[in-house]
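Position chain A against the provided structure of chain L, taking the given hints into account.
Single-letter residue listing:
There are 2 protein chains.
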Amino acid sequence: MDPFLQAALEEAEEGYREGGVPIGAVLVHGDRILGRGHNQRVQRGSAVLHAETAALENAGRQPASVYRECALYTTLSPCPMCSGAALLYGIPRVVIGENRNFLGEEELLHSRGVTVEVRQDPACIDLMVRFIAEKPELWNEDIGV
Amino acid sequence: MDPFLQAALEEAEEGYREGGVPIGAVLVHGDRILGRGHNQRVQRGSAVLHAETAALENAGRQPASVYRECALYTTLSPCPMCSGAALLYGIPRVVIGENRNFLGEEELLHSRGVTVEVRQDPACIDLMVRFIAEKPELWNEDIGV
Numbered sequence: 001m002d003p004f005l006q007a008a009l010e011e012a013e014e015g016y017r018e019g020g021v022p023i024g025a026v027l028v029h030g031d032r033i034l035g036r037g038h039n040q041r042v043q044r045g046s047a048v049l050h051a052e053t054a055a056l057e058n059a060g061r062q063p064a065s066v067y068r069e070c071a072l073y074t075t076l077s078p079c080p081m082c083s084g085a086a087l088l089y090g091i092p093r094v095v096i097g098e099n100r101n102f103l104g105e106e107e108l109l110h111s112r113g114v115t116v117e118v119r120q121d122p123a124c125i126d127l128m129v130r131f132i133a134e135k136p137e138l139w140n141e142d143i144g145v
Numbered sequence: 001m002d003p004f005l006q007a008a009l010e011e012a013e014e015g016y017r018e019g020g021v022p023i024g025a026v027l028v029h030g031d032r033i034l035g036r037g038h039n040q041r042v043q044r045g046s047a048v049l050h051a052e053t054a055a056l057e058n059a060g061r062q063p064a065s066v067y068r069e070c071a072l073y074t075t076l077s078p079c080p081m082c083s084g085a086a087l088l089y090g091i092p093r094v095v096i097g098e099n100r101n102f103l104g105e106e107e108l109l110h111s112r113g114v115t116v117e118v119r120q121d122p123a124c125i126d127l128m129v130r131f132i133a134e135k136p137e138l139w140n141e142d143i144g145v
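These protein sequences, in sequence, are chains L and A. The first sequence: position 125 = 125 (our numbering), numbered continuously. The second sequence: position 139 = 139 (our numbering), numbered continuously.
With the rest of the complex left out, here is chain L:
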């Protein structure tokens, strides 16, 4: 697996072990991970720290010039908030582990010129299938359903 998607998946797996929503993300600049994170709904009672926003938060304040050379890797197709975060910072490339369990705002990203790559990675798919079967109410809460 792509090492950056692997790192995002490790974040997701950590979230699963913590009893949380198992979605992970990393913000990548060149060959370096600037920030990594996973959904914090359960762990921190957070409504806004999804995997992608957590990775951005953990990367700290970065200059616009850096974001514009970054890729955002996430294990699951990004929701409107997280897609919007990518647009806010002009992140040019979003790499998505899978979109079978949830289809986020890929079309919006594409329409704004972001390169969107969907890997349909079996490990990413399986982890979400397991989680959604185990905790459907938590999952629904996370996506506002």
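Just so you know, these hints were derived from the structure itself, not from any lab. Source: prediction; values computed, not measured. Watch out, some of these pointers could steer you wrong.
[Said to hold, decoys possible] Some chain A residues judged to face chain L by a derived CB distance under 7 Å, without partners named:
{"#": "1", "residue": "53"}
{"#": "2", "residue": "56"}
{"#": "3", "residue": "79"}
{"#": "4", "residue": "83"}
{"#": "5", "residue": "84"}
{"#": "6", "residue": "85"}
{"#": "7", "residue": "87"}
{"#": "8", "residue": "90"}
Heads up, the beta-carbon is just placed ideally off N, CA and C, and yes, glycines get one too.
Just chain A, lined up with the frame of chain L:
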């Protein structure tokens, strides 16, 4: 002034006094404020706690049924991330202090069925004019420029 916009402005003014980006927001359900907040870029080194996401975060985990009866008040037209947060949670109404200093994703919100109200409030406008003149680099960082 609308008391909820006033509360958002008070958050923005607190952010200004703290040396931060002076944008404030409140999440309102019926006649009650569920959460309030202001941009935390300077105060907490945050890349994702804008006014609106901070208000959502401070409101804590809410059921989808509550968000769908809420209004999100913000002193400034919401950026893609914060507009996306409103879409994620199905918040049906966004009340905006002003959009003269920054025009966010109002069209996207409108196209998805969100009621968008822009008040062009002089106090909201003046606070941002002052801030942008004083700290243009901080402002540009906040909007990814």
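For this session: Tell me, in ascending order, the numbers of any earlier hints that this structure violates.
Result: none
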